[in-house]
Each structure stands twice: as C-alpha cells, then as structure tokens.
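Trainee: Here is how the chains run, residue by residue.
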Amino acid sequence: MNKLAQKYLRPSQIPTKACHGCGIGMIENWLLQAIDELGLKQEDVVFGTGIGCVGRQTFATWGGDNFGATHGRALAVATGLKIAQPDKKYLVVVGDGDAAAIGTSHLIHAARRNLGVTVVCEDNMGYESTGGQFSPTTPAGYVTNSSPYGMVEPSFDPCDVVKAAGATFVAETTATQWHQTIKIVKKALQNDGFSFVHVRFPCNENFGAYALGTRDTLKNLEWIWEHTQGRTADGKPTDFTWETGIKHDASNSRPEFSKILRDLVRKAGGTPASAALDRVEGVVVDD
Amino acid sequence: MAVIEIALTERLVAPWAEWQKRYTAGRRLLEAGTYALTEGAIAAGCRVFAGYPITPATDIAEYMSKRLPQVGGYYMQAEDELAGMHMCAGASLGGLKAMTATSGPGYTLMHDAYGWAITNEIPLVVVDAMRVGPISGITGAPGQGEFYVARYCTHGGNIETIVLSPNSVQESFWLTIDAFNLAERFRTVVTILTDQVISDMFEDLFLPHDYAELGGIVVPRHHNLAMPFYPLNSDAVDVPPNVVGLGTGVCVSAYTHTEEGYDIEEMEAQWAQTYRLVNKIRHHRDQILRYEAVGLEDAEVVAVAYGAASRTVKTAVLGARRRGIRAGFLRLISLWPFADELFGRDVRYLVCELNYDGQLVREVMRAAPDKRKVHFMGKSAELHTVAEVTAALEGVARDGRVPGLPYIWTDV
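Line by line, the protein sequences are chains B and E. So in our numbering, the last spot in the first sequence is 271, and the numbers never skip. So in our numbering, the last spot in the second sequence is 413, and the numbers never skip.
Please note: incorrect hints may appear among the correct ones.
What the hints assert, rightly or not - Derived coverage of chain B by chain E (criterion: at least 3 residues anywhere in the stretch with Cβ under 8 Å from a Cβ of chain E; other residues may be distant):
| # | region |
| --- | --- |
| 1 | 26 to 32 |
| 2 | 45 to 51 |
| 3 | 61 to 75 |
| 4 | 80 to 93 |
| 5 | 250 to 257 |
Stated by the list, open to error - Here are the simulated EDC-like cross-link-like pairs (lysine to aspartate or glutamate), alpha carbons at most 16 Å apart as the crow flies:
| # | chain 1 | residue 1 | chain 2 | residue 2 |
| --- | --- | --- | --- | --- |
| 6 | B | Lys170 | B | Asp233 |
| 7 | B | Lys1 | B | Glu189 |
| 8 | B | Lys(-9) | B | Glu21 |
| 9 | E | Lys67 | B | Asp247 |
| 10 | B | Lys1 | E | Glu266 |
| 11 | B | Lys231 | B | Asp141 |
| 12 | B | Lys1 | E | Asp264 |
| 13 | E | Lys372 | E | Glu301 |
| 14 | B | Lys167 | B | Asp233 |
For the record, the hints were derived by calculation from the structure and aren't laboratory data. Glycine residues also receive a C-beta, built at the ideal position from the N, C-alpha and C atoms.
I would like the entire structure built from these sequences, with the hints used as guidance.
Mentor: Take a look at the structure:
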C-alpha cells in the first residue's frame, strides 16, 4: 500500500475492486495526491459517489465520511449535506452515467446555485458495469454493446453544459495526464463554489474491447492520449480532438450556495442552524 | 323508528390527546391545514425544507420559505421531487431535521429517495397532500389514492413503513410534531398522508405561544458518533441517527450494508439488514398505533375511514346512533403498520374512502374475522355526503349490503 493510501484510505476497502487495468484506482490516487498537497485531513473531506463502475469502485474507499447516493442523485444529497455541514470539502466522484445522463439536471442546478462541491466526473464513455452500453459521452459512431452499428446519437460535452449553467471552475483532463490532473483538482478544491473536473479514462473490458478492438490497457490509454493531441502516434489526424486543461476559472467570484442561504437567515433575523458540533464521545444532543 | 339514544364511548388514542391538555397558553387562529402542518414542523425542530411546487402542497413550501429563515432554517426549491427528497435526506444526514411535501404526481417520483433514506435509517418527514388521480387528475379535488403507495413507497421490498393521516387543521399541527418524533425514534421516513380538503381548508387552530416550551414532547436530534452505525439483527428503537460530516467514518449508500456501512453482497448481511428495517417497526407497533373510535364496544356496524372522508362519516354515525342504529366509528390515524388489532370483532364494517378502486377496504377485509361482512363505499373527487353514509349504514345494518346509490362503487 502506498503512503497516500495509508494516510487517507480504508485498509479494509482497498485495493480497488475495479477490473484489471481500469483507470479508477489510478485517478483516485491522483485525487489523494491533490488532497495531500493542499494539506487537507481525512475529516476535512466528505467523499460522495453515485452508481456504476465509478460509484461502486470508489464508495467507502475514503477513510473519512462516505456516501454513495442513488443513481444520478449524488449532487442532490450533497446539496443537503453542504447546508447542514458547510465547513467541509465535498468531493463527489461520479461516472458519465451519473453526471451526463440520469443526473444531468442536478449537475446543472448545482452549477447554477454555485454549490460548494468539487465534482470529478470519471468518464469511461459508456455504461461499463452493465456490460458496455453507449452513454451521452460515447463518441458518435463508436460500436458498443447497445450500438452494434455505431452510436447514432451525437455525444455532448458536460463541461460546456456546466459552464453555461454557471459553474465557477471547469476543467477537462484524462487518465493520461497525471500532473495536469493533480494541478486541476487542487484548483477545483480551492474554489469556494461549484467545480467540475471531467476526467476520461479507459475501460478495457467493454469500451476498449468493443469500440477500440483491444483489451490492452496501454493501447487504450494511448487512444485517449492521441485524442488529446489530435494526431495518432504515426502522425495521422485523429477523428476528433478533446481539448484538455482548465476551460473556465471564475473561482471565488460569486457567493457559494450554502453561504447565500445562511446570509438569508441573518437577513430574516435568525441564527443559521448548523449541525457542526464540538466533537464529543458517544451520543450528543443538538439543540 | 323509535328514537333511542345509545350511550357513546369516544376515544382518541394519540399522543396529542394528552398534549392538548398540557399546552393551553397560546394563540387561536383561523388557518389552513398547510399552515398548521408548517408550524408543526417548525415546532418539531424542522430546519430544512426542499421540494417542488405542486397543488395542493405548494402552500407548505410557501409558508416554509417565509418561516424557516426566521428560525435559522433553510428553504430550497429543488429542480424536481427526486432532488427535493434527496436534498432533505442529505440535510438530515448532515444533522438537521428535514421535511418535504408533495402531491401524488410528485410523490411517485420520490421512490428512489424513499428507499435510500429508509435503508440508511435517515429520519425524514414526507407530506403527501393527496388529490384525485390517476396522474394529474383534478388538481383541486381530494383523493385517497396513495394508501398502498405510501406503504410500498419504494422498490425491492424488505421494508416496513410508518404512515399517519390527520383529519383536521388542529390535528395537522400535533400530528406533524408526532411524525418528526417517530422519524427520530425509529430512524426512518414517516409519511403524512393528508388530502386536498384537510390541507386547503381553514379551521380553528390553536398554537402554543412558545415552541421552546414543547421541549417535553419534541424528540431532539441526537447523533450516533460510534460503531455500530447500522445495528444488524436488532429491532432496537431510539438508536441515534448517523451523521455525515463529523468525521465518524460512517458510510451511507444505496447498497446492502454491513454494520460499518460498507457495501456487501452476502445473503447473511441482506437478511440482517432486512430484519432490522422490518422489525424495528413491526415489533413496536403498539408505540405507533393512533386512532379515534366511537361506540366500538357495542356497534353492530362499524364505519371505517381516515382523513377528510372521516369527517362526514363520523357525523353520519353519530346521527345513526341517535336514531337507534348500533353504529360505530373508527378513524385510522396511523395507516401503516396496519391496525389489525382494531378489527377483531365479528361485526359488519362499512369502509368509506375517496377512491373507487378500494384500497383501505382490502386491508379491512384481510384483518376482519369475516370478509363477507366488509362493505365498500368509495367516492371519487368529493366527500361522501352525510345522507349517503347514513343510507349506507342503514342498508348494511338492516340488509347486510350497501344500497345501490349512483356513483358509489361497491364491488370490491
């Protein structure tokens, strides 16, 4: 076990249950590195997830408090938690199904409200835990187990959606970009508002096998890397290009949602309710 | 028919029967059921409301948007009901008491959140102000179509639920405090099934002048700061709820869990979780039973109803007794767990509810000694008139059947 895992994760819940060669464990390691470089402690961060590969493989790995929401609703749960416990950092790690399909409306409205959470959308470009169906982020034309003739729908970029909705920090990166990802996640966590980090990673068992024709981890990583560069290893242009890096940085430029609600309470003459208590042993009463 | 006055035995079995005697200093208002419900929540310590506007529950949201900031609380208008109930679950998990309110079309959208909150033992109150359906039906007309939906409020089975229903503006206040108390004590979602009549109508309302004085009856929020987070194979109540954000290391998820909250795919863990979720409620049914009864001891025909429907039914029963019919009245306040113990007498039952398909009646048929003596009188979108119930009571008492009145479905 590496030192960061020892410091932040639950020994009983690692190593990851993800498939051989999956990018989820590697990205989580990078998240820990960003957290560590910011000097955050286990109790400073609440770790939230959804359903699917990313939800299942990361849930309860964090050594502090964890929640795994129903499919798509991690941000709705995080909204409630944030107003009850506003001083914590919320790291919500979800897949493309959670963020870009079943939970998109919550993503949009969390961005609009500038809810103080960092969403890391770990995107394996399809529903891989159910056997490899296409999702809204699967590139158009690619073969999956539910698009045997090629995906006929256009895909969409969740970064564009959250930026339009009002997110104050938006970035895109991939599992091939270690240092860039850490830099981005650190910035995201420092924004007192809604941060969205889109990280593409390879699925070898399904997307790799069916869309790209290989279960070789390095080849699948290479395919992603090539699409960040716009050209293949032998110099040909790729069929499309992903622009990675920070796409929008308006960090700390407008009030965070739970702060707006607390300010409203003061305006109405009340004292903001909070469950952030002094820590004591055993059962405590809050009133 | 000779006029014979039959002595009445009336009783209200509910905590507020005593609370109403204890708290007498306060304000008398003419207010709506939605207002009383909101004040009940505030008095119970509710500090978070998240919901989506829908008739006839919207007034609760509007009242909450004004009242919550005054008492330090937070009103959130969600993007849909799914988000609304998940936000409430998150807030309760963060340590604040929370409530949402909706009506039928929004209620069915909450099933995901229901399952999540019930499984994770998160205290929460959900109000469903029922209107006539199916689907959008008539927005301003009362219905009682979610009797079973409230019991089976999520997928997957393996749960037991607590559902309460008020029948007056005043009762909406006390019952809401009660609902919050049960939610805290049982670590679960408590549903208040009210209806368009009870939520929209204005009535005399007494409010205690200082809610801080309700300390003797309001169950405060406690926090569980140590393992086990999910006591397995245990029916214990009054286990403090878990809290996320205080660094206890608790894990909360949609999966079958271990006592630490980890996801697990072992049958023994599934059985242990189910035992807890079902039996913490079933083994304490006596602490949840709430009802109002008139003349049950000597009745030959008992009219059964809840919510708005019970109001005209009770009037009809009292009138019938004055005219010599040995009629009784049973109003269920706790709808689930179902009060089988109240249907032990082998008499005739007339079940009146605000739907034509018959829902409550099926439970009465199951619980009564002889289901052939259970009769159904449904009405859709409006209350039964006193005259209709009176005619039905007379018919059942005399001939063992409901007379064939128009628009009243009797074939269950």
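Trainee: The structure should be examined with respect to each hint, and the outcome stated for every one.
Mentor: Results for each hint:
Figure legend: the region 26 to 32 of chain B, annotated as covered by chain E; annotation consistent (3 residues with Cβ-Cβ distances under 8 Å, at least 3 required). Under the rule that three or more residues need a Cβ within less than 8 Å of chain E, the assignment of the region 45 to 51 of chain B holds, with 5 such residues. Check result for the region 61 to 75 of chain B against chain E: holds, 10 residues qualifying (beta carbon to beta carbon below 8 Å, three or more required). Check on the region 80 to 93 of chain B: 4 of its residues sit with their Cβ under 8 Å from a Cβ of chain E, so the three-residue criterion for coverage holds.
Beta-carbon proximity to chain E at under 8 Å applies to 7 residues in the region 250 to 257 of chain B; the threshold of 3 is reached and the given coverage holds. Proposed proximity of Lys170 (chain B) and Asp233 (chain B) is supported: the alpha carbons are some 13 Å apart, at most 16 Å. Taking the CA atoms of Lys1 (chain B) and Glu189 (chain B), the gap is near 14 Å; set against the 16 Å cutoff, the hint holds. For the suggested pair Lys(-9) (chain B) and Glu21 (chain B), the alpha carbons sit about 13 Å apart, so the restraint of at most 16 Å is met.
Restraint check: the Cα-Cα separation between Lys67 (chain E) and Asp247 (chain B) comes to about 14 Å, which is no more than 16 Å; the hinted pair holds. For the hint linking Lys1 (chain B) to Glu266 (chain E), the alpha-carbon distance of about 13 Å falls within 16 Å, and the restraint holds. Annotation: proposed proximity of Lys231 (chain B) to Asp141 (chain B) holds, straight-line Cα distance about 12 Å (limit 16 Å). With a CA separation close to 12 Å, the supplied pair Lys1 (chain B) and Asp264 (chain E) stays within the 16 Å bound.
A threshold of 16 Å between alpha carbons decides the hint, and for Lys372 (chain E) with Glu301 (chain E) the separation of about 15 Å falls inside it, so the pair holds. For the proposed pair Lys167 (chain B) and Asp233 (chain B), the alpha carbon gap of about 13 Å is at most 16 Å, so the pair holds.
Hint compliance for this structure: every hint is met.
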